[in-house]
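Trainee: Each chain, letter by letter, is given below.
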Amino acid sequence: MPPPDHAAPGATARRRDTMIAGRACTASSRHDRPRGSRVTIGLAGLALLGVLAPAAAGAAPASGPPLAIGLTENDPRLLMGDSPIWRAAVKVVALKPAYIRVLIPGSASSRAPAASPTGTRRSAAARSSSRAVAASAGCAGC
Amino acid sequence: MRGLLTAIKARQAQDGGWKILAVPYFTPLWAVAGPPIGCQKARNRHARAQMPRIAAYRRLLRAFNGLADKVGVRVDYITPWNEPNHPGFLQPQRARCVAPSKAIVPRAYARLVRAARQELRPGQTIVLGSLAGLQRPRVYGAGVAEFIRGLPRDVACVDGPFAQHAYVGVRGRDGAAPRAADPISAARHELLDTVIRALDGKGCAQRKALWIAETGTFDHRCDAMSAALRSWSVNDRIDAAFQYTFRNDRRYPVGLVSSSLRDTFASYRAWYAFAGSPRQLPSNPC
Numbered sequence: 001m002p003p004p005d006h007a008a009p010g011a012t013a014r015r016r017d018t019m020i021a022g023r024a025c026t027a028s029s030r031h032d033r034p035r036g037s038r039v040t041i042g043l044a045g046l047a048l049l050g051v052l053a054p055a056a057a058g059a060a061p062a063s064g065p066p067l068a069i070g071l072t073e074n075d076p077r078l079l080m081g082d083s084p085i086w087r088a089a090v091k092v093v094a095l096k097p098a099y100i101r102v103l104i105p106g107s108a109s110s111r112a113p114a115a116s117p118t119g120t121r122r123s124a125a126a127r128s129s130s131r132a133v134a135a136s137a138g139c140a141g142c
Numbered sequence: 143m144r145g146l147l148t149a150i151k152a153r154q155a156q157d158g159g160w161k162i163l164a165v166p167y168f169t170p171l172w173a174v175a176g177p178p179i180g181c182q183k184a185r186n187r188h189a190r191a192q193m194p195r196i197a198a199y200r201r202l203l204r205a206f207n208g209l210a211d212k213v214g215v216r217v218d219y220i221t222p223w224n225e226p227n228h229p230g231f232l233q234p235q236r237a238r239c240v241a242p243s244k245a246i247v248p249r250a251y252a253r254l255v256r257a258a259r260q261e262l263r264p265g266q267t268i269v270l271g272s273l274a275g276l277q278r279p280r281v282y283g284a285g286v287a288e289f290i291r292g293l294p295r296d297v298a299c300v301d302g303p304f305a306q307h308a309y310v311g312v313r314g315r316d317g318a319a320p321r322a323a324d325p326i327s328a329a330r331h332e333l334l335d336t337v338i339r340a341l342d343g344k345g346c347a348q349r350k351a352l353w354i355a356e357t358g359t360f361d362h363r364c365d366a367m368s369a370a371l372r373s374w375s376v377n378d379r380i381d382a383a384f385q386y387t388f389r390n391d392r393r394y395p396v397g398l399v400s401s402s403l404r405d406t407f408a409s410y411r412a413w414y415a416f417a418g419s420p421r422q423l424p425s426n427p428c
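Chains as they are written, first to last, in this note's numbering: chain A, 1 to 142; chain B, 143 to 428.
By construction, these hints were calculated from the structure, which means they are not laboratory data.
Just so you know, even glycine gets a beta-carbon here, dropped at the ideal spot from N, CA and C.
Hints may contain errors.
As the list claims (entries may be wrong) - Below, in silico cross-link-like pairs of lysine-lysine (DSS-like), each with a Cα-Cα straight-line distance of 25 Å or less:
no. : chain 1 : residue 1 : chain 2 : residue 2
1   : B       : K244      : B       : K161
2   : B       : K183      : B       : K244
3   : A       : K96       : B       : K183
4   : B       : K151      : B       : K161
5   : B       : K151      : A       : K96
As the list claims (entries may be wrong) - Pair ranges (Cβ atoms, derived):
no. : chain 1 : residue 1 : chain 2 : residue 2 : range
6   : B       : P242      : A       : D82       : 51 to 61 Å
7   : A       : P84       : B       : R238      : 21 to 31 Å
8   : B       : P177      : A       : D82       : 23 to 33 Å
9   : A       : P84       : B       : G317      : 28 to 38 Å
10  : B       : G158      : A       : D82       : 16 to 26 Å
11  : B       : R259      : A       : P84       : 19 to 29 Å
12  : A       : D82       : B       : D316      : 33 to 43 Å
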C-alpha cells in the first residue's frame, strides 16, 4: 500500500494543479531496477523532452490515424484527484486515455451475485491472480 | 467495481474519453459448466479457467450492465473473454494433448461471443479477441492464427475491432532483472502480421482494425516502449494501444509506476508522448 498523503487540503489542491500541468516527479527508488529504468521528471524536464506539447514543431507527420491510448487499471483511487494517492492519480489523468479497460473478475463465491458481479476489494487480488496464472502457464510474451 | 465505475463516470464527465471496454475473465465458481475435460495440464485445471455455462455467463454480463446502469455510466465496448487462447483463462484448448491436434477452444469461444451479442445494449460494440500473444500453437494453448482460423465466420466478422495482446520484451526469470527490450522488435510485427493475415483470411466485408488491448514493457525503459507505440501509430490497421496496469504488479511487472507509487518508470514518458492521441507523430520522448 502506498503511504498516505498528509498534506493540507489547500496545499494539496495547489500542488495538484501544478502536477496536472505536467509534472511527473518521483523520489529515488529503494528497489533494484534495470539501469536506466528509473526517471525523475520535472516541469522543465518534460518541456525539454517535448512531452508537455506532444505534437510539438518538428514532429513527423503520421501516415495513419492517431493512436488512441487506453489503460487497464482497476483501482478507482488512481482515477480520482482527491484520493489519498492523488500524486499518482495525476499521472494517470495526464495520459488522457481514450479508453479504460475494466476487468470483470469471476467471483470466488460459490453463489451467483445478486446485482454486482464482483467486489472492489477482490479485484486487485483477482487481477494479480490472473497474471500469476498466466505466468505459471509459461506463456512468454502474452 | 461500483467504486471504479463511479470514478470512471466522473473522469468521463471531466475529461471526455475514458470509454469503457469491459472484459470478463475467469469463470465465477457458480458459473462453471462442469469438471475439467479435454487436454488440461494438471497444475492448471483451475475451476475458474473452465468454460462457463452460457446462461450463467449471460447473467454475469447482465449483472455488469445492470451495475453500470445503477452508477449511470455508459459501457461502450465488451470483450467476450480475456485471452481465450491461453490455458490460464479458458480450458480446454484441445481435446487431446497433441500439438497438431485441432484446437477446440475457438468453438467454445464462439458460443461466448454469440451469448455476449445477445446481452449487448444499444450502442455497445463487441471487441473480439484479446488473444494472448502465442505466435505458434502449443499443446496447451492455441496460436493466434490457429485460433482465428477456427472461428466461425459469423463470429469472426462481428462488427468492431479485434484485440490482440503484445508485450514488449521478456520478463526476467527466477528473480533476475529483465533484459533490455530491443526497440527494433518491440512492436511485435511478426505476431501482429500473423493476426492481420488470419483476420483478412476470414473474408469479412469490413477490414478489422486492431487494438493492442494489453501491452507494456518488462524493462520499464522508454526506448522500446516508445518504438512500439510509434510503430503502431503509423500502422493504418492499428487504432489503439492499452497499457496493462498503471501501477506495477509484481506478478506481472509491466506497470508505469512502482508498486509503492514512489517511482515513475521511464516507460511513462513513452506513453505520455501519446497523451490525448496527438494528430502528428510526437517527437521521440526518450
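Trainee: Determine for every hint whether it applies to the structure shown.
Mentor: Verification of the supplied hints:
1. For the proposed pair K244 (chain B) and K161 (chain B), the alpha carbon gap of about 37 Å is over 25 Å, so the pair is violated.
2. The suggested pairing of K183 (chain B) with K244 (chain B) holds, with an alpha-carbon distance near 17 Å, which does not exceed 25 Å.
3. A threshold of 25 Å between alpha carbons decides the hint, and for K96 (chain A) with K183 (chain B) the separation of about 41 Å lies outside it, so the pair is violated.
4. With a C-alpha separation of about 9 Å, the suggested pair K151 (chain B) and K161 (chain B) falls inside the 25 Å cut-off, and the hint holds.
5. The straight-line distance between the Cα atoms of K151 (chain B) and K96 (chain A) is roughly 14 Å, inside the 25 Å bound, and the hint therefore holds.
6. The hinted window of 51 to 61 Å between P242 (chain B) and D82 (chain A) holds, with their beta carbons roughly 57 Å apart.
7. Remark: the range hint 21 to 31 Å for P84 (chain A) to R238 (chain B) is contradicted by a beta-carbon distance near 52 Å.
8. At about 48 Å, the beta-carbon gap between P177 (chain B) and D82 (chain A) misses the expected band of 23 to 33 Å.
9. P84 (chain A) and G317 (chain B) have their C-beta atoms about 31 Å apart, which keeps the hinted 28 to 38 Å range intact.
10. The supplied range of 16 to 26 Å is met by G158 (chain B) and D82 (chain A), whose beta-carbon atoms lie about 20 Å from each other.
11. Judged by the Cβ atoms, the range 19 to 29 Å given for R259 (chain B) and P84 (chain A) is violated: they are separated by roughly 41 Å.
12. Checked against the hint of 33 to 43 Å, the pair D82 (chain A) and D316 (chain B) passes, with Cβ atoms roughly 42 Å apart.
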